[in-house]
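Student: Each chain is listed here by its residues.
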Amino acid sequence: MALPEAKQSPTEARLASLSLPTAGCTRDAREAALARVREMGLPGRRDEYWKYTRPDTLIQPEAPKAAVFTADEPLMFDQIDRLKIVFVDGVFSPEASDDLSLEGVQIERLEDICCKDFHWAKELYGVLEARGQNPVPRPLAALNTAFAADGVAIHVTGKPSKPICLIYKHESETSDAILHHVIRVESGAEVTILENGPAASRFNKCMEIDVADGGTLHHVRAQGRDHERRAATHMFTRLGEKSVYKSFTLTVNGVLTRNEQVVELTGDEGVAHVSGACVGDGDFLHDDTVFITHDAVNCESRQVFKKVLRNGATGVFQGKILVKEGAQKTDGYQISQSLLLDDDSQFLAKPELEIYADDVACSHGSTSGAIDETALFYLRSRGVPEKDATNMLTLAFLAEAVDEIEDPALVEDIVARLQGWLARRS
Amino acid sequence: MAALDQTQVKEGVDQETVDAVREVGAYKYGWDTDIEMEYAPKGVNPDIVRLISEKNEEPEWMTEWRLAAFERWTQMKEPKWAMVHYPEIDFQDQYYYARPKSMETKPKSLDEVDPKLLATYEKLGIPLKEQMILAGVEGAEDAPAEGRKVAVDAVFDSVSVGTTFQEELKKHGVIFCSISEAIREHPELVKKYLGSVVPVSDNFYATLNSAVFSDGSFVYVPPGVRCPMELSTYFRINAENTGQFERTLIIADKGSYVSYLEGCTAPQRDTAQLHAAVVEIIVEEDAEVKYSTVQNWFPGDENGKGGIYNFVTKRADCRGDRSKVMWTQVETGSAVTWKYPSCILRGDDSQGEFYSIAITNNMQQADTGTKMIHLGKNTKSRIVSKGISAGKAQNTYRGLVSMHPKAKNSRNYTQCDSLLIGDKCGAHTVPYIEVRNNSSRCEHEATTSKVDDDQLFYCRQRGMDEEEAVALVVNGFCKDVLQALPMEFAMEAQQLVAISLEGSVG
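Read top to bottom, the protein sequences are chains A and B. Numbered by our numbering, the letters in the first sequence go through residues -14 to 411 in order. Numbered by our numbering, the letters in the second sequence go through residues 41 to 546 in order.
Isolated chain A (complex conformation):
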């Protein structure tokens, strides 16, 4: 079916600004992805899946400008012993990165595997993304698969001694970065992946994660603070039997962020936790779009999203739990809450359940409102100044999401960042 004109011209305009990388084993996957983009068209304002977030600036040919934010505070996760992989405006920087060798894991640059005929990453690159296009199209992810300029392939075979940290630096005002990572966690292996930094003025990132039976992947991400940056990210995760996937995202400012998580539980007794905390001030839109598919018995999934919004900031949550026929004993939980610190901010939510099995316990909740006056009064009557009391209650509100992180050192880092944000505003 031909695309309607309203979709075709912006799609072709965007495609014209990009060129397909030539050589290597990802060539077929890239061509197939390009065909998918042409078939679906890039997202438009009238798409139901983009009801609350305007995709215009994410798909226009030129990346909008974003000033580089300079702060004198330390880099996120700086005091944690980690293996650093640094990208500057979407390009791998060997000088800034650590030596990529670490026991229990094999890290390669996407560019390097492209010249190999046989590579495990070939079974993954673009594969999970393509699976994730149904039932809802995610054209920006397909665009990423086709045109990704850089990225890494991480093969986890053991239990590496320290987390692997992807650092995205933003140095040029008009950078347009497209990164694609593939991660395979082998049976019984365990890894922690960290991500931080604004990456570019416009960032399109896609991560495909395959966790084999009994594997574990922890993911903690802090999205950079550049006020004008824009980001559209996708994480496609496939989980095997008894495997564990836990992902947390902290977003502090940024004019537009759309984070999509597509998780598929394909083996029995798998566990998937996806959570996020975001704080937004002023011209800020943050969109969490989550799609969890239960396709095996006895699996557990959990979504916890908290948003604090002020000065006209907008929070969006679109979450879905799909329980397929036969996925009995599913335990699905989803909560999305927002705290509106003033009257101009808004929260738009669409928490969905789609269930085709009867022996399941699925629930979702969504609330929105201002700071609880009675709690505030309680604190003030005990001598806590109003600003401190507000900050305390705000932090307590976010705690449920932050608590999803298992490593206490990481929790500390995240909380410090949130406290900094609150302190700057009171």
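Please note: incorrect hints may appear among the correct ones.
Said to hold, decoys possible - Quick list of in silico lysine-lysine cross-link-like pairs, DSSO-like style, CA-CA up to 27 angstroms:
#1 B/K464 / A/K227
#2 A/K36 / B/K411
#3 B/K448 / A/K36
#4 A/K36 / B/K117
#5 A/K314 / B/K464
#6 A/K309 / B/K432
#7 A/K309 / B/K464
#8 A/K36 / B/K420
#9 B/K432 / A/K314
#10 A/K(-8) / B/K120
#11 B/K490 / A/K227
#12 A/K372 / B/K490
#13 A/K314 / B/K490
#14 A/K36 / B/K446
#15 A/K309 / B/K345
#16 A/K(-8) / B/K117
Everything labelled a hint here was simulated from the structure, so no lab data went into it.
Guided by the hints, dock chain B onto chain A, whose structure is given.
Tutor: The following block gives chain B in isolation, referenced to the frame of chain A:
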């Protein structure tokens, strides 16, 4: 039920018992009335629209209004977003107007109505004689004369057959008549309010309805009047291949109160039939309207053959301050349901409530829910939705709660629970929550579960069979909504809940 027909009646079991058992399992209202009908030619076009308008002896402005709606409809596309699947509907392969021949000359009173028609309603348990009470309430016959009265407007295919208690209502200033009569007798009211809540081009089916609606009910309650009895409409589709398009307009003027009931049934047929209704409610300052529906259209057989496609637009506009509207629905019938009774809370301190039970069994599909649009300050809304899915049915709750920037201090509470019986059915929840100010509070909760084994075990231990036990648990699950129904309906609804789930266990 074929098996039962051949069952040898055991000694000691009387025929009455066999009949009672048979009745429980099947769709009770599946019979048809053999009556001479008059049809408009099949299909829809401006000529048919004009013909319907002519048959209803409408003034020129009404005909023009319909034609404009038809013009808009031809440019619209059928909505596809609902989680329902059905074969393409051929809108030209339907009759848009069918009325019993005997209704050609308008009967002046109920005494002149064809006895066959009266018998039809009698059989449905809807007495068109001015009796006190709807059938189905035990001991009704012995009730004192001043017992609960219910006025009925009976709609048979495309026409209103008769309206009871009109005289008595008139004494209180309440106008209750068919919409075609209202267009003739009270054009100023119809002109002012028709299409003011559901605009002509609101959606595909509402626009089609605006063009071809043939009859329906009209209610006007004057300021300060508490309607002395419950008003009700009973819709019956009888003719084959005929769509029913009725239009209901309820106006509750300042400080008034009315409770309105709606019931619907249709014969058992192999081909699907279309029903696209529009209900508009206007609630002025301090007024209150209660609208209750028991929807029991023919749901199709267990293989999904036949049944009614129920595409309905219902909306209430709480225009005045402190106005209140309450929707209660029990949806057990129809092959496909597409229905979202909504509230526009425009007046300050206005309230909207939505209580719903949607039961789907066999191949039924329901996509239903509500919209609560908070525009005024201090507005409140409450949504309680209970979806029950059995067999191979799909049941979806779809709703919107929207708090506009000016709707300060508003409140919403939403609870949607789904119950699954069997592993081949589905239950889905699609809520939209849009909060655009911070003084409002919005809460949404949803759960999905199955009939609890412990509860079943408890009931079984006390001697109930499995079906009874499930019915009891399900009735408990629906309790919040059943309690919101007027008494006459609550009884019927409770029985329907049990009947709709027959055969879904074991």
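Student: Decide, hint by hint, whether the structure agrees.
Tutor: Hint check results:
1. B/K464 / A/K227: This hinted pair holds, its Cα atoms lying about 26 angstroms apart.
2. A/K36 / B/K411: This hinted pair holds, its Cα atoms lying about 17 angstroms apart.
3. B/K448 / A/K36: Given pair B/K448, A/K36 holds - Cα atoms ~24 angstroms apart, limit 27 angstroms.
4. A/K36 / B/K117: holds, 20 angstroms
5. A/K314 / B/K464: holds, 15 angstroms
6. A/K309 / B/K432: OK: A/K309 and B/K432 at ~14 angstroms, within 27 angstroms.
7. A/K309 / B/K464: holds, 10 angstroms
8. A/K36 / B/K420: With a Cα-Cα distance of about 25 angstroms, the restraint between A/K36 and B/K420 holds, given a limit of 27 angstroms.
9. B/K432 / A/K314: With a Cα-Cα distance of about 19 angstroms, the restraint between B/K432 and A/K314 holds, given a limit of 27 angstroms.
10. A/K(-8) / B/K120: OK: A/K(-8) and B/K120 at ~20 angstroms, within 27 angstroms.
11. B/K490 / A/K227: holds, 25 angstroms
12. A/K372 / B/K490: violated, 47 angstroms
13. A/K314 / B/K490: holds, 11 angstroms
14. A/K36 / B/K446: Measuring from Cα to Cα gives roughly 22 angstroms; hence the hint holds.
15. A/K309 / B/K345: holds, 26 angstroms
16. A/K(-8) / B/K117: holds, 19 angstroms
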